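Quick note, the sequences are listed as chains Z and U, same order. The opening position of the first sequence corresponds to residue 1 in the UniProt record's numbering, with each subsequent residue numbered one higher. The opening position of the second sequence corresponds to residue 1 in the UniProt record's numbering, with each subsequent residue numbered one higher.
Read the hints as simulated data drawn from the structure, not as lab findings. All figures in this text were calculated on a predicted structure; none of them were measured in a lab. Among the clues, some could well be false.
No copy labels: a pair is met if it fits in one copy or bridges any two.
[Unchecked claim] Heads up, simulated DSBU-like pairs for lysine-lysine below, C-alpha to C-alpha not over 30 Å straight-line:
#1 K79 <-> K93
#2 K67 <-> K93
#3 K93 <-> K52
#4 K67 <-> K52
Protein chains: 2
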Amino acid sequence: MNRVAESAQLDRLFFALADEYRRGMLDRLSRGPASVSDLAGPLGIALPSAVKHLAVLELGGFVVSEKVGRVRTYTIEPKALDAMEAWVARRRKLLNSQFDRLELYLAQQTRKPAR
Amino acid sequence: MNRVAESAQLDRLFFALADEYRRGMLDRLSRGPASVSDLAGPLGIALPSAVKHLAVLELGGFVVSEKVGRVRTYTIEPKALDAMEAWVARRRKLLNSQFDRLELYLAQQTRKPAR
Chain Z
1 MNRVAESAQL
11 DRLFFALADE
21 YRRGMLDRLS
31 RGPASVSDLA
41 GPLGIALPSA
51 VKHLAVLELG
61 GFVVSEKVGR
71 VRTYTIEPKA
81 LDAMEAWVAR
91 RRKLLNSQFD
101 RLELYLAQQT
111 RKPAR
Chain U
1 MNRVAESAQL
11 DRLFFALADE
21 YRRGMLDRLS
31 RGPASVSDLA
41 GPLGIALPSA
51 VKHLAVLELG
61 GFVVSEKVGR
71 VRTYTIEPKA
81 LDAMEAWVAR
91 RRKLLNSQFD
101 RLELYLAQQT
111 RKPAR
C-alpha cells in the first residue's frame, strides 16, 4: 500500500471508531461472529441502520462478512487492531523521545556551573 | 466521567484522528510544542484551516494550547494516547479470549472418542 492509500485507510479506520454503535458492534464481534440482527438487537437500532454502520466498519477494515444462504455473518478482522496498535506505538515512541530529550536538556542545564 | 460522557469523548478522540492533516500535526507536536504557523507551514495549509484542525484535536483531548502575548502555543496531551492505548488493549484482550475459547473448543472436539 502506498503512502496516500495508507493514509486514506487510516482515515476510514479512525472514522469507523468515532461512533458508539460501531464500537458496540466491535465489542460484540470480539466475542465471536454475528449476524446483522444479533448486532442490531442489543444496541436497540433498526436493521437498515445496523447495515450502514457495518458497511463503515467493513470499509475501516474492522470486519469481514460472508453470506451463507440468506444470512450474512460478520467476523472481526484482527488486522485493523494491528494497524491501530502500530499507529499508537509509533506516537508513544515519538512522545517518549520528546520527554527523553527534555530530561537530557534539563540535566545539562542543572550541570552547568552558575556564572 | 460517566459512561455517556466517556463515550462522547471517545467519539471526539477517534474523529480527531480521522484526518491526515490532524495526524500530521500530532506527529509534529510529538516532537515538541509548536505555534499555528509552525504546524500549518509543513502541511501546506492556510492558517484558518490549521486553527480549525487544532480545535478538533483540542476537543479530542490530544492537544492543549496556551496564549503568551500574541502567540498561541500548542502542546501534545499524552492522556489521549493513554485513553487510546487502554481502548486498543481491551479489544485485544477480548479478541484473544475469543481465540482461546476457539482453541479450547477445537481441543475438546479432537479429544472426543469417535463413535
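Violated constraints from the hint list, given by number and in increasing order: none
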